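Spelled out from the first residue to the last, the chains are:
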Amino acid sequence: MSAPVIWIILPASFSILLFFTRRGRNRFIIFAAISLILALSTLVIKVNPTEETAFYEIPVPSALTILGRSFILTQEDSSLVRVIYFFNAVWASFGYFFHKDTRVIPLGMLHSAMLLAAYSVTPFLYASLIIALAVILSVPLILDNQNSNTHGVARYLVYQILALPFILLAGWFLAGGEITPVNPEQLVQAALLLGLGFVLWLGVFPFHSWVSLLYREANPINLGYILQMQFFVTFLIVLKFIDGFSWLRQYTIFFQAFLVLGAIMQLLGSLGIFFQNNLKDINGYALLHMVGVLMTSLGVYSFSEVMILPQMFAVYLIGLSILHITLAYVDMNDRNPTLSILQSDKWFLPAMLGYVYGLGTLCGLPLTFGFAPTQWVYQTLARTNEFYFWVFIASKVIISISGIRLLKVVFERILSLRSLIPKNFQEWFMIFFLSIVVISGLFPKLVYGTFEHLMSSFENLIQ
Amino acid sequence: MVFNNILILVTYASLILMIVGNDRRIKLASLSIVYLLTFIIIIQVWPVALASVKLISGWMGVILIGASQISHFEDKADPSLASKAIFQLLITALVWIVITAEAAAFNEWIPIPYTNLYLGLVIIAGGLINASVNQLLFDVIIGVLTLLAGFDIIYSSLEGSALVTGIFAIMIIFISLLSNYFSASQGEIAE
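Those protein sequences? They're chains A and B, same order as listed. Read in order, the letters of the first sequence correspond to residues 1 to 463 in my numbering. Read in order, the letters of the second sequence correspond to residues 1001 to 1191 in my numbering.
FYI, nobody ran anything at the bench for these hints, they're computed from the structure. Remember, predicted model here, so these are calculated numbers, not experimental data. For every residue, glycine included, the Cβ atom is placed at its ideal position computed from N, Cα and C. A hint or two may mislead.
[Stated by the list, open to error] What follows is a set of in silico ranges between Cβ atoms, one per label pair, in the way DEER data are often shown: (1) V5(A) - A1105(B): 52 to 60 angstroms; (2) Q375(A) - Y1114(B): 27 to 35 angstroms; (3) A33(A) - E1102(B): 26 to 34 angstroms; (4) V410(A) - L1163(B): 51 to 59 angstroms; (5) L67(A) - Q1044(B): 21 to 29 angstroms; (6) I1070(B) - R103(A): 51 to 59 angstroms; (7) G1160(B) - F205(A): 54 to 62 angstroms; (8) T65(A) - I1070(B): 38 to 46 angstroms; (9) D1023(B) - M1(A): 34 to 42 angstroms; (10) Q250(A) - K1084(B): 21 to 29 angstroms; (11) K1084(B) - L420(A): 55 to 63 angstroms.
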């Protein structure tokens, strides 16, 4: 039994089996338990060990061959597996408390397994095909079939599928010259094709319109799960491309493009957060903002030779998860949550504080996960490129103002400390989750450590 | 040469019917013709067994979509708007003119038989227009499938891979199943 069988085939099979079991709350518990076991299995499974293993460690081979192509998960990839399945376990716990009829719970693991398959396929240019399959699978997970409003999902499908030809064609261009391209003209063509593919995948301006449309149509807990995970793995695949092609690493325009697009996305996202009245839209723009931040973090690598992206991944996953989960709490009561409901009693106050904390994490406020990596990006940009530095600062200031605006409403509603006391089990769980996040935000090194290991698979990039 | 010209003309005709047509049956028939054309083109560069996977998966997709649309066959997209059809026709013609002018330049990038490249680009453009100018998910799905068929022609001429063929076939079936999945809500829109 190889690593891809354990971490891709088995979870995919479990997910399908679980889909055919009787609907009920047990599904969530089984899903969370399997996810947690898979996440913990990375501690005892040793892929292709070079030394003798301990009695509790299980040695497994790294490759699985299907239709002439290999799926390879090495020991260095185990931290990615851990992050993905731990994320699944957390999401299943919230699904259990907040949204009973979600399809994500049985089939989300299949989606995660497909994303892992896309990450592990060799040659990695075929990743785009598996991503496209994962996108198609994600549509029924995102949207209920009774939903008559499908404009967002239609655009999502078209844009994501449209990325496939660009990436595959770029792959064909590069197949003959993985180390150096045949000529400079071909280099430009391949970089353009790859760039277009990435831009479509990540919903980068001007191909971002589907994000906010989709957020209006879908349930935040389902959509948050799918998009966060999909964009996260897509970013890792982008890193794999950069790691795999030395000419791409040395092509400064490629990194500059990330900086330019990152700046646009950050501003677009922060302005969206500031001006939108619907909380679902705000979450959509927060996602776009974080895509911009991740792109900037990758772009600054060309100046600093230090990769801050792993820590930023932690901010991205944790910050956005808080926003989605707290919004899911509101969405249980109100299908169209606008800012005006903040003043009503529909929102549990600690959840509202959690939402503000999520925005603070994205801003990089002190005592949150976002502080250290955001400060580092500030410093690097201030030293190297003042324009991007001011754009970065401006976008964070705009989000901070939005957060303060929400905080004002929270304080207006706290008439007595009694309103902060949880009234049911869901609210206790929310408090428990937020407490863990806030405490870990004070001591973020442990979380950053797991994310830092993500980069160990990209030997060329971190050299 | 004559055969290639016939292929091009049939492609034009089927795509125009797909884009301008107001009846879902006509659109599905056009899509099945596009898959037949894809098969005829790919069979010139690939073995029959592998090329027939494209035809079979494509037609299976058409059947799946057709099965989900039986109750909506009489629905008209927007019969009153002749101007919409004229606009779609003009925009399609414009894009095809650009493709005709630039296909030779593309051929320097992508060294495959000219007819394959040209037809691939024409079909991709047709699919993209169909997906973008219509609001119904049915049209978007037909457009995406057409787009993929066009790309399949170009990519198959470049490279033959069992994995790519297999995943493409699965993608076609899954996209068609999406039409099934959303058919109930699409009926409500049409009503």
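Verification of the hints:
1. V5(A) - A1105(B): 52 to 60 angstroms: violated (47 angstroms)
2. Q375(A) - Y1114(B): 27 to 35 angstroms: violated (56 angstroms)
3. A33(A) - E1102(B): 26 to 34 angstroms: violated (56 angstroms)
4. V410(A) - L1163(B): 51 to 59 angstroms: For L1163(B) against V410(A), whose Cβ atoms are near 53 angstroms apart, the range 51 to 59 angstroms holds.
5. L67(A) - Q1044(B): 21 to 29 angstroms: Given range 21 to 29 angstroms: holds, Cβ gap about 24 angstroms.
6. I1070(B) - R103(A): 51 to 59 angstroms: Distance hint for I1070(B), R103(A) is violated at roughly 25 angstroms.
7. G1160(B) - F205(A): 54 to 62 angstroms: Between G1160(B) and F205(A), where Cβ atoms are some 37 angstroms apart, the hint is violated.
8. T65(A) - I1070(B): 38 to 46 angstroms: holds (42 angstroms)
9. D1023(B) - M1(A): 34 to 42 angstroms: Between D1023(B) and M1(A), where Cβ atoms are some 53 angstroms apart, the hint is violated.
10. Q250(A) - K1084(B): 21 to 29 angstroms: Roughly 50 angstroms apart at Cβ, these two residues miss the hinted range, so it is violated.
11. K1084(B) - L420(A): 55 to 63 angstroms: holds (56 angstroms)
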